[in-house]
Amino acid sequence: MSTIEAAVADRCLRMYRTMVTIRLFEERVNDLYTRALMPGLAHLYLGEEAVAVGVCEALRRDDYITSTHRGHGHCLAKGAAPDRMFAELLGKEAGYCKGKGGSMHIADPDTGNLGANAIVGGSAGIATGAAFSAKKLGSGQVAVCFFGEGALGQGVLYEVMNMASIWKLPVIYVCENNMYNEYTHFSETTAGDPLVRAAGFGVAAESVDGQDARAVYSAMAKLVDRARRGDGPAFLWANTYRFAGHHVGDISREYYRAKQEEQHWKAERDPIKVLRDWLTEQDVASAVVLDKMQVEVHEEIERAVQFATSAPYPDASRVTEDVYA
Amino acid sequence: MSTIEAAVADRCLRMYRTMVTIRLFEERVNDLYTRALMPGLAHLYLGEEAVAVGVCEALRRDDYITSTHRGHGHCLAKGAAPDRMFAELLGKEAGYCKGKGGSMHIADPDTGNLGANAIVGGSAGIATGAAFSAKKLGSGQVAVCFFGEGALGQGVLYEVMNMASIWKLPVIYVCENNMYNEYTHFSETTAGDPLVRAAGFGVAAESVDGQDARAVYSAMAKLVDRARRGDGPAFLWANTYRFAGHHVGDISREYYRAKQEEQHWKAERDPIKVLRDWLTEQDVASAVVLDKMQVEVHEEIERAVQFATSAPYPDASRVTEDVYA
Amino acid sequence: MLETAVATRELTLGEAVREALAEEMRRDPRVFILGEDVAEAGTAFKVLSGLVKEFGPERVLDTPISEAGFTGIGVGAAMTGLRPVVDIMFGDFAGLIMDQMANQAAKVHYMSGGRWRVPMVLRTTLGATRRSAAQHSQSLHAWFCHIPGLKVVMPSTPYDAKGLLKSAIRDENPVVFYEDKMMYKLKGPVPEEDYTIPLGVADVKRVGEDITIVATSSMVQVALGAAKLLEEYDVSAEVVDPRTLWPLDEQTLIESAKKTSRVIVVDEGYERYGAAAELATVIQAGAFYDLEAPVKRMCAMHVPIPFSPPLEDATVPTETSVFEAALALCGRSA
Amino acid sequence: MLETAVATRELTLGEAVREALAEEMRRDPRVFILGEDVAEAGTAFKVLSGLVKEFGPERVLDTPISEAGFTGIGVGAAMTGLRPVVDIMFGDFAGLIMDQMANQAAKVHYMSGGRWRVPMVLRTTLGATRRSAAQHSQSLHAWFCHIPGLKVVMPSTPYDAKGLLKSAIRDENPVVFYEDKMMYKLKGPVPEEDYTIPLGVADVKRVGEDITIVATSSMVQVALGAAKLLEEYDVSAEVVDPRTLWPLDEQTLIESAKKTSRVIVVDEGYERYGAAAELATVIQAGAFYDLEAPVKRMCAMHVPIPFSPPLEDATVPTETSVFEAALALCGRSA
Ligand SMILES: Cc1ncc(C[n+]2csc(CCOP(=O)(O)OP(=O)(O)O)c2C)c(N)n1
Ligand SMILES: Cc1ncc(C[n+]2csc(CCOP(=O)(O)OP(=O)(O)O)c2C)c(N)n1
Ligand SMILES: [Mg+2]
Ligand SMILES: [Mg+2]
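Going down the list, the sequences are from chains A, B, C and D.
Each residue of the first sequence is one higher than the last, beginning at 1 in the working numbering.
Each residue of the second sequence is one higher than the last, beginning at 1 in the working numbering.
Each residue of the third sequence is one higher than the last, beginning at 1 in the working numbering.
Each residue of the fourth sequence is one higher than the last, beginning at 1 in the working numbering.
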């Protein structure tokens, strides 16, 4: 019998299920790509699930997020449905953006998702502006800006952090440090210390183990609290790792990172394994229960793929719609 | 008989003379403007002379500088001649840029002046690129990027600081904090601490009294040394004050800063008075000698104005020259 | 110009802009202003003077010198329930915000399948001859006109400025609104009563028979001046002001061209690959069989804008140069 | 196309670009490459693979994701004795560097009265139909073409790419060099021996009598394909490739138009206020009295580029659509 408080147990099981959902979703995306069933490319979130899930667990449904080119995990964690996600990835009318956005541009007002962005750092202004609205309208919402450590190279990030700090906006900049800007190690592109940078702009900065969903959740919960209280913006540095390539086509990676490094992270630092071990050790759930959950998720994903593959493409005439509101 | 080492005495007298040159130059610019003899506007450097002079005293003639919309002082301190400066301000063919640049774009390869820039922060990349060349070509040159504290709002500044730090480039970012971005106090536009910002990008950061030319020189000499040795970029925060308006047309300033504030700085913190007092107290030079120097400079400025006013405008046909090299 | 008939007072273009903003801010609490020195200073051009007194610093916000950043904040605020009016002091700074405008503001609605909107106005300036040199004198509107998802407004009179700005603020899309720095002091009739001018409707500023001068923003007054000079030579010039370059009222341009059979397009942007090329192409395509001569462009010379007065003056079309070109196009000589 | 007659081997456009860079870097130690993932990765498109091995990381530098910053560094390096070749992965990122390119690189020479120079090349990409959606599929060359002080190069074959890139690197001015992502794998003859192609000289890719198709970059192959289809209808199409949009070889375009009397301009940029409008205007002005019909433009549809294949495919000109338009323009039907 577990000593873990029920609310905590529920939260951790919920996070586990969402992480598994993202994992299976992304594996299926890769499978669709390799079988030439998906147009274009996709940037998989495999290995980074705990960041999106831990962060979004601390958010309300009406809180805002902005996402990136590696955004499937953020969207799912914020509440997007796999079926409409797959439909968007396949360019179908039933997708979240009627097929007009695709993998890098999933947006969904119903879950506060302001949209994934294919411009690195491109959503920093949008997220900060959403926080500006939340404060001005007194809605109590916060905005979360997800970005990779590569976005630390984009000056606009510092421009908006400065304004968020001056105006005490409820925005949290979540930097997913998976250590690579495409094929270049971040140490070759990043001088100094990102946490000191944030502090230099008066933004509260914290670092967290991005493979531990529970740790991400607690760190984030504190920062969200601060922001809702009106204490201003924060910067969360989450150390993580992408298990797969920069995108689905990035197969042979030895020239920029060692196989052993990948193996180490997959074997020792898999965020799903980390949470699963905790859940079982604490008797929150048995392996049987968790396996059953995984099977359910698997079925949900399969149904979603079914839905998406059989869904129709938009009629070509739709191309001129939605240019202007 | 002064106890001050001759070399030091010479340097301080040289700095004094240059500061007086800038002071009289700018007063004459204002006079030409008010008498409607100068086209357009000009941003005067009055009150900030010690920064440009102290910084450039630590530079070689072949070291590079980039300047700003408030650039007359930088150009003169780096060795530009008042006559061709005035000619440029009046749009004459004899000006440093054949009249094509004007007050905000004075450039002069002979003195390593890469050019003043009318885009706030616009020269950060250029200065850093010049430092890149110096390092790659092993010329031993350093590059100095002058900018006002308002340029801290431009993201590109952080982008290039990061690269200068990664590549250990010999560039020194000199931030002239005169406390105002046009008509807005910098505390309303700047969160956190600029020195911490620089440190966050791995850039050595120092602060100095921008009204004390000797202090600016010593601080700068250290940083230039570091840079020449290959120890990388630095950020110098110089506290100063502009005695006049944002530009020559900015006459009634009470709505954004108090008359007493201006009076205090002019009376207590005039960089020329500060150095003059030291020179006389230390018996480096008598009031008589310094006054004589001032008269010489005054005559030089008058000759320069004469030259410029009587110089011809470029022929209109020149308009299509220099578009492409 | 029927509308102006009912006008009862004169305002400068600057005053008309300020009045439009004040009225819209009173009407709609979601409207706010974001930019450098917009509050106490009322902008470098003093166009917004007084607004902060009425609406307070929460609705007229001074920003750091971070054009990309606060334009992006405007985009996000517009998506989430507000109606930002972003102030970009000089149109020359467009280069700093093109990603925010072209990749974000312009595309959010389309990329989201129509689910998010960006009801935002970006006010900025154009125009040379102020002796401000190459980085403060450009008219770069062609960049924005090229991007689907944006609208571009170019008023040439106080009346149009007020009516078009109110429409821009009420529009559900990102709208770039250009003000000619030299025209801020230009006076013109502006009625007391509330009115708007729809985006996408050109205005014939002067009716004529022999030649059509299509002019934008700062060049409309130049065109009208040239038309006066042409009168003395019994050349009757029609002056057509598109007022908005996107949406573009092609019909009015084409009909005027068909009527007069001769056309000059005058725009203060750089001539090459500029807005005038689009207007010329639209007219050529629509009135081809009625044209007596190719459409002529008169724009900023294809050089960076120089500081020196005699040089700068040579770079922009003037009443005289347009008058002479028009006369020549009509096969006449002065 | 006389030149290609002497060609002795085939290279892809990507290989031709790499060879041009390698040869220029061997010839001139001042030449270096700056950009994201350009070294070990050889760029996202693998175009630069191997260069870092030969020239080392001091001459092939990986940068942070700071387009404005490293473009600016390129400008400064070019002014002070080096010859940077700056790599901007996707042309869509132009919005981030327009201030560095338009206000700095383009104006330094003029503003300094000719005393500083910016011998720099900015390589970037254009082109859609890769299912990359609205922010990775644009062809924004019109923005650069509009700015005096910049040159803009748009090769359409491996042969042209190599010869033009070498000229661009040897040029004393800032040159924007566009590569079509879809064309990297296109093979074509490229001679072993050293050669350059001057900037500002158009190339008639196919001689014809009945209609002129002026096409740029990615659209040249489309135009040639359409020309083939037209043959079957006994319509002889001339395909003219300007090769550089600035400087622009107006004469070759105008002469072809005068000869055939019918012209279509095909460009992958957005149609409105785009590069095609300039080409159309130049042709109209120069060949007006010889044209049987208005110059027709075929460009990217004026919408953000959608992800969904059936939608994206509808946005760009194709062999078939150009063929049909050409046939119609010649008063014939398929
Ligand atoms: C402004 C901009 N520059 C370059 C790119 C190309 N690009 C796409 S993803 C990427 C690397 C991003 O690295 P990071 O921010 O760490 O995110 P990660 O892919 O690691 O999740 C780059 C350079 C882009 N999309 N936008
Ligand atoms: C990118 C950009 N934005 C705005 C301006 C307009 N502007 C000119 S000077 C100035 C204030 C600059 O303040 P600061 O950098 O502190 O320099 P100072 O004038 O105080 O010397 C502004 C906003 C500009 N020239 N460039
Ligand atoms: Mg990363
Ligand atoms: Mg200042």
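Don't take each hint at face value.
Below 25 angstroms or equal to it, Euclidean Cα-Cα: the simulated DSS-like pairs (lysine-lysine) are [claimed, not checked]:
#1 K166/C x K187/C
#2 K259/A x K187/D
#3 K258/D x K136/B
#4 K168/A x K136/A
#5 K136/A x K187/C
#6 K266/A x K222/A
#7 K166/D x K187/D
#8 K136/B x K168/B
#9 K259/A x K228/D
#10 K168/B x K53/D
#11 K228/D x K136/B
#12 K258/C x K228/C
#13 K185/C x K166/C
#14 K185/C x K228/C
#15 K53/D x K258/C
#16 K259/B x K222/B
#17 K228/D x K258/D
#18 K46/C x K228/C
#19 K292/B x K266/B
#20 K46/C x K259/B
#21 K166/C x K136/A
#22 K53/C x K259/B
#23 K168/A x K53/C
#24 K185/C x K53/C
For the record, the hints were derived by calculation from the structure and aren't laboratory data.
Against the structure, the hints:
| no. | hint | in the structure |
| --- | --- | --- |
| 1 | K166/C x K187/C | holds (19 angstroms) |
| 2 | K259/A x K187/D | violated (35 angstroms) |
| 3 | K258/D x K136/B | violated (52 angstroms) |
| 4 | K168/A x K136/A | holds (11 angstroms) |
| 5 | K136/A x K187/C | violated (36 angstroms) |
| 6 | K266/A x K222/A | violated (29 angstroms) |
| 7 | K166/D x K187/D | holds (19 angstroms) |
| 8 | K136/B x K168/B | holds (11 angstroms) |
| 9 | K259/A x K228/D | violated (50 angstroms) |
| 10 | K168/B x K53/D | holds (23 angstroms) |
| 11 | K228/D x K136/B | violated (52 angstroms) |
| 12 | K258/C x K228/C | holds (22 angstroms) |
| 13 | K185/C x K166/C | holds (20 angstroms) |
| 14 | K185/C x K228/C | holds (22 angstroms) |
| 15 | K53/D x K258/C | violated (64 angstroms) |
| 16 | K259/B x K222/B | violated (36 angstroms) |
| 17 | K228/D x K258/D | holds (22 angstroms) |
| 18 | K46/C x K228/C | violated (32 angstroms) |
| 19 | K292/B x K266/B | holds (22 angstroms) |
| 20 | K46/C x K259/B | holds (21 angstroms) |
| 21 | K166/C x K136/A | holds (22 angstroms) |
| 22 | K53/C x K259/B | holds (22 angstroms) |
| 23 | K168/A x K53/C | holds (23 angstroms) |
| 24 | K185/C x K53/C | holds (22 angstroms) |
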